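Colleague: Sequence lines, in order, name chains A and B.
So for the first sequence, this note's numbering puts the first residue at 1; every next one is plus one.
So for the second sequence, this note's numbering puts the first residue at 1; every next one is plus one.
Worth flagging that the hints you see were computed from the coordinates, not collected in a lab.
The reader is advised that the hints may include incorrect statements.
It does not matter which identical chain is used: a pair holds within one copy or between any two.
Unchecked claim - In silico lysine-lysine, DSS-like type, Cα no more than 30 angstroms apart, as pairs:
| id | residue 1 | residue 2 |
| --- | --- | --- |
| 1 | Lys313 | Lys165 |
| 2 | Lys169 | Lys308 |
| 3 | Lys355 | Lys232 |
| 4 | Lys69 | Lys169 |
| 5 | Lys165 | Lys224 |
| 6 | Lys313 | Lys169 |
| 7 | Lys172 | Lys308 |
| 8 | Lys165 | Lys238 |
| 9 | Lys231 | Lys313 |
| 10 | Lys16 | Lys231 |
| 11 | Lys224 | Lys280 |
| 12 | Lys320 | Lys117 |
| 13 | Lys172 | Lys10 |
| 14 | Lys22 | Lys172 |
| 15 | Lys46 | Lys169 |
| 16 | Lys320 | Lys169 |
| 17 | Lys232 | Lys313 |
| 18 | Lys313 | Lys224 |
| 19 | Lys289 | Lys308 |
| 20 | Lys47 | Lys169 |
| 21 | Lys116 | Lys25 |
| 22 | Lys165 | Lys308 |
| 23 | Lys165 | Lys280 |
| 24 | Lys320 | Lys280 |
| 25 | Lys280 | Lys232 |
| 26 | Lys165 | Lys240 |
| 27 | Lys47 | Lys113 |
| 28 | Lys46 | Lys22 |
Remember, predicted model here, so these are calculated numbers, not experimental data.
There are 2 protein chains.
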Amino acid sequence: MTYQTFPVLKNDRILKVARGEKPDKLPIWIMRQAGRYLPEFLEFRKKHSFFEICQTPELACEVTLMPIKRYDFDAAIIFSDILVIPQALGMTVEMRPSVGPVLPEPLTLDNMKNLKKDGAVSKLKYVGDAITLTRHKLDGKVPLFGFSGAPWTLMGYMIEGGGSKTLSKAKKWLYQYPEVSHQLLELLTEVIIGYLVMQIESGAQIVQVFDSSAEYLNNSLYAKFCLPYLKKIATEIKSKLKDKNLEQVPLVLFAKGAHFNLSDQAALGYDVLGIDWTMKPDIVRSTLKDKNITVQGNLDPCALYAPKEELIKLVTDMIKAFGTDRYIVNLGHGIYPDAPTESVQTFIETVHSVKL
Amino acid sequence: MTYQTFPVLKNDRILKVARGEKPDKLPIWIMRQAGRYLPEFLEFRKKHSFFEICQTPELACEVTLMPIKRYDFDAAIIFSDILVIPQALGMTVEMRPSVGPVLPEPLTLDNMKNLKKDGAVSKLKYVGDAITLTRHKLDGKVPLFGFSGAPWTLMGYMIEGGGSKTLSKAKKWLYQYPEVSHQLLELLTEVIIGYLVMQIESGAQIVQVFDSSAEYLNNSLYAKFCLPYLKKIATEIKSKLKDKNLEQVPLVLFAKGAHFNLSDQAALGYDVLGIDWTMKPDIVRSTLKDKNITVQGNLDPCALYAPKEELIKLVTDMIKAFGTDRYIVNLGHGIYPDAPTESVQTFIETVHSVKL
Chain A
1 MTYQTFPVLK NDRILKVARG EKPDKLPIWI MRQAGRYLPE FLEFRKKHSF FEICQTPELA
61 CEVTLMPIKR YDFDAAIIFS DILVIPQALG MTVEMRPSVG PVLPEPLTLD NMKNLKKDGA
121 VSKLKYVGDA ITLTRHKLDG KVPLFGFSGA PWTLMGYMIE GGGSKTLSKA KKWLYQYPEV
181 SHQLLELLTE VIIGYLVMQI ESGAQIVQVF DSSAEYLNNS LYAKFCLPYL KKIATEIKSK
241 LKDKNLEQVP LVLFAKGAHF NLSDQAALGY DVLGIDWTMK PDIVRSTLKD KNITVQGNLD
301 PCALYAPKEE LIKLVTDMIK AFGTDRYIVN LGHGIYPDAP TESVQTFIET VHSVKL
Chain B
1 MTYQTFPVLK NDRILKVARG EKPDKLPIWI MRQAGRYLPE FLEFRKKHSF FEICQTPELA
61 CEVTLMPIKR YDFDAAIIFS DILVIPQALG MTVEMRPSVG PVLPEPLTLD NMKNLKKDGA
121 VSKLKYVGDA ITLTRHKLDG KVPLFGFSGA PWTLMGYMIE GGGSKTLSKA KKWLYQYPEV
181 SHQLLELLTE VIIGYLVMQI ESGAQIVQVF DSSAEYLNNS LYAKFCLPYL KKIATEIKSK
241 LKDKNLEQVP LVLFAKGAHF NLSDQAALGY DVLGIDWTMK PDIVRSTLKD KNITVQGNLD
301 PCALYAPKEE LIKLVTDMIK AFGTDRYIVN LGHGIYPDAP TESVQTFIET VHSVKL
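Bound-form chain A, shown alone:
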């Protein structure tokens, strides 16, 4: 176990802000910052398939470091994919060019019994190894994020067999087979807990749960099929870290599009809430007032297409609207493949130039 022997962390802005402490500068990172908008990543992908990179710690480490070498980000996030969990459960996941992830044999009521929960976390040891290696290679420059998909978001992909504009197949389960849905969500929750604890043991200094498909639900469905599992994930991670005598790490929840229950999300035990770009900063802050929670977000990913002066104005206005207290700057969604690399530079410089 290499946990105690990592290089000393030199930039702890994000960890401080997540815990409610004051940083020296406003911190920034970007969802999907190690990905398709980087020319060096596109070059790298010519030689390696998507899941080959995920599954090979040296390759995942190299890609994770790309944006850290190029930019002054305040965190790295391990290169991986939320669909490694369905893979570890025995499902086939393919990454098809210009289509995205495809699960050729989606989950059905009949084949659900084939999901192999036991041993799933061990099968994901390669993510832990990539994290450990990356912690060393980062040499303490910035903290390293681990992450997982949320139960509902994973359930969505597993049933739909890939992306969907409505998630109507997966939502049909929620309405027609609520008991089976709860069984599946519980199974996923248990794997996610083990997976995130393993990531933290391997060196992740902060972890984010991506509920990217929250937007397809509504308040009732989210209260019934998501909140209890998200709460269990936060509670159990903390309790397991305590049992193992490991330091607690900040937990981040990003429930994309769940404008309908931001206040409830703040009561689940996470330290940071990710905010998508459709949310108005003033509404976010007034909703979360007195909730003792940090917010993260929420620049429209398309704002990176704006000319430099306009982008600076958009970023400055956003920071003014959120205020600099308990605030981690990010996009409100993963960066798009055609985002100009210079805009990312401008975004970071603008954020770091804010006087605190």
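Please build the complex by placing chain B on the supplied structure of chain A, with the hints as guidance.
Modeller: Just chain B, lined up with the frame of chain A:
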């Protein structure tokens, strides 16, 4: 001009509620009620292509009447598509099975000058003819909706060349070419105004503007690139109807996913606001309090997958939450192709059984 000679309307519930008057029963219709979930429509589609139906008044009329014959809906909506406007402007639009609409030559800065605004409304005369014919065939049973896509939603399809998960190409225009974007939105607005006035002259008794892609924007973008055009549409329709000595008809706006500015939408001159299924009824009602506006929505389309008793409970709870005042019941999105036809029956019966 057949405007004055239509059969007398026997069911004016929706028109009454849109105007703020009390109906005898709570009215209901469903977005995409004449479409793929109906076996008779699927049978019909084997013989006729999608746009053949749109463009042939007799066929469009027949399909429009299908749900009216089968169910006790309180309105019909003319069978058509929002993309008939790009078609009339000279763009090719294809409806591809299991893909949806495709515009093989999307709009670019270069080819935008080829859009043929003059005469576009005349080219859509077939929609007016379908409306006139349907008004007669309906024999006054229920009122007939006309509709159009909103400027931003049409712009999105025209630039993306079809559906998109992010609308990042169209949004790029908003950030990179705001002037050109405004020119395009203005052009679309003028055509939409002419198109909707023509529909009303042809017999549409209420019209709905679908801003189905509102959810990809945020408050700033929506305020800049949508609200002014939506307001102009409402204002100009009213003024043109007045100039022509025609009776005003209720105007409905459905800005799907625009949770960020419901209050602003209420100030644009529409009589009814459509509400998507992610919105909480209590928030909607408190936001729109004192706004003198009717709401329409918002059952999750997937609730139709629920067992009968559960569906009845969901519908009853929704009506309780919205209250019966100034309320038109609908789904919060168009009905999905695999919705069970019995659930639609249950939905309607539950709504009509509510004591007012």
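Colleague: A separate judgement is required for each hint: does it hold in the structure or not?
Modeller: Hint check results:
Proximity of Lys313 and Lys165 under a CA criterion of 30 angstroms is satisfied inter-copy only: 27 angstroms between copies versus 33 angstroms inside one chain copy. For the homomeric pair Lys169 and Lys308, the shortest alpha-carbon distance between copies (18 angstroms) is at most 30 angstroms, but the shortest distance inside one copy (42 angstroms) is not. Taking the closest pair of Cα atoms, Lys355 and Lys232 never come within 30 angstroms of each other, the shortest separation being 38 angstroms inside a single copy and 42 angstroms across copies. For a Cα distance limit of 30 angstroms, the shortest separation of Lys69 from Lys169 across copies, 29 angstroms, qualifies, whereas the shortest one inside one copy, 42 angstroms, does not.
In this assembly of identical chains, the alpha carbons of Lys165 and Lys224 lie at most 30 angstroms apart whether taken from the same copy (22 angstroms) or from different copies (26 angstroms). For a Cα distance limit of 30 angstroms, the shortest separation of Lys313 from Lys169 across copies, 21 angstroms, qualifies, whereas the shortest one inside one copy, 42 angstroms, does not. When the C-alpha separation of Lys172 and Lys308 is checked against a cutoff of 30 angstroms, the pair qualifies only between copies, where the shortest distance is 14 angstroms, while the shortest distance within a copy is 45 angstroms. Taking the shortest Cα distances, Lys165 and Lys238 never come within 30 angstroms of each other, neither inside one copy (35 angstroms) nor across copies (35 angstroms).
Taking the shortest alpha-carbon separations for Lys231 and Lys313, only the inter-copy value of 27 angstroms comes in at or below 30 angstroms, while the best intra-copy value is 37 angstroms. With identical chains, the CA atoms of Lys16 and Lys231 are at most 30 angstroms apart within one copy only, with a shortest distance of 23 angstroms there and 46 angstroms across copies. Taking the shortest alpha-carbon separations for Lys224 and Lys280, both the intra-copy value of 26 angstroms and the inter-copy value of 15 angstroms come in at or below 30 angstroms. For the identical chains of this complex, Lys320 and Lys117 are neighbours neither inside a copy (46 angstroms) nor across copies (42 angstroms), given an alpha-carbon limit of 30 angstroms.
When the C-alpha separation of Lys172 and Lys10 is checked against a cutoff of 30 angstroms, the pair qualifies neither within a copy, at 48 angstroms, nor between copies, at 37 angstroms. Within a single copy, Lys22 and Lys172 get their C-alpha atoms no closer than 45 angstroms, and across copies no closer than 35 angstroms, so neither meets the 30 angstroms cut-off. When the C-alpha separation of Lys46 and Lys169 is checked against a cutoff of 30 angstroms, the pair qualifies only between copies, where the shortest distance is 25 angstroms, while the shortest distance within a copy is 34 angstroms. Taking CA atoms no more than 30 angstroms apart as the test, Lys320 paired with Lys169 passes between copies only; the shortest distance there is 28 angstroms, against 41 angstroms inside one copy.
Proximity of Lys232 and Lys313 under a CA criterion of 30 angstroms is satisfied inter-copy only: 28 angstroms between copies versus 40 angstroms inside one chain copy. Taking the shortest Cα distances, Lys313 and Lys224 sit within 30 angstroms of each other only across copies (15 angstroms), while inside one copy they are farther apart (40 angstroms). Taking identical chains as interchangeable, the C-alpha atoms of Lys289 and Lys308 are never at most 30 angstroms apart, the minima being 33 angstroms within one chain and 41 angstroms between chains. Only between protomers do Lys47 and Lys169 lie at most 30 angstroms apart by alpha-carbon distance; the minimum there is 28 angstroms, versus 36 angstroms within a single protomer.
In this homomeric assembly, Lys116 and Lys25 never come within 30 angstroms of each other (Cα to Cα): the closest approach is 45 angstroms inside a single copy and 53 angstroms across copies. Taking the shortest Cα distances, Lys165 and Lys308 sit within 30 angstroms of each other only across copies (26 angstroms), while inside one copy they are farther apart (33 angstroms). In this assembly of identical chains, the alpha carbons of Lys165 and Lys280 lie at most 30 angstroms apart whether taken from the same copy (24 angstroms) or from different copies (21 angstroms). With identical chains, the CA atoms of Lys320 and Lys280 are at most 30 angstroms apart both within one copy (12 angstroms) and between copies (29 angstroms).
Proximity of Lys280 to Lys232 under the C-alpha cut-off of 30 angstroms is found in both arrangements, the shortest distances being 29 angstroms within a copy and 25 angstroms between copies. With identical chains, the CA atoms of Lys165 and Lys240 are never at most 30 angstroms apart, being 37 angstroms at best within one copy and 38 angstroms at best between copies. Taking the closest pair of Cα atoms, Lys47 and Lys113 never come within 30 angstroms of each other, the shortest separation being 37 angstroms inside a single copy and 43 angstroms across copies. Taking identical chains as interchangeable, the C-alpha atoms of Lys46 and Lys22 are never at most 30 angstroms apart, the minima being 42 angstroms within one chain and 66 angstroms between chains.
Checked against the numbered hints above, the structure violates hints 3, 8, 12, 13, 14, 19, 21, 26, 27 and 28; every other hint is satisfied.
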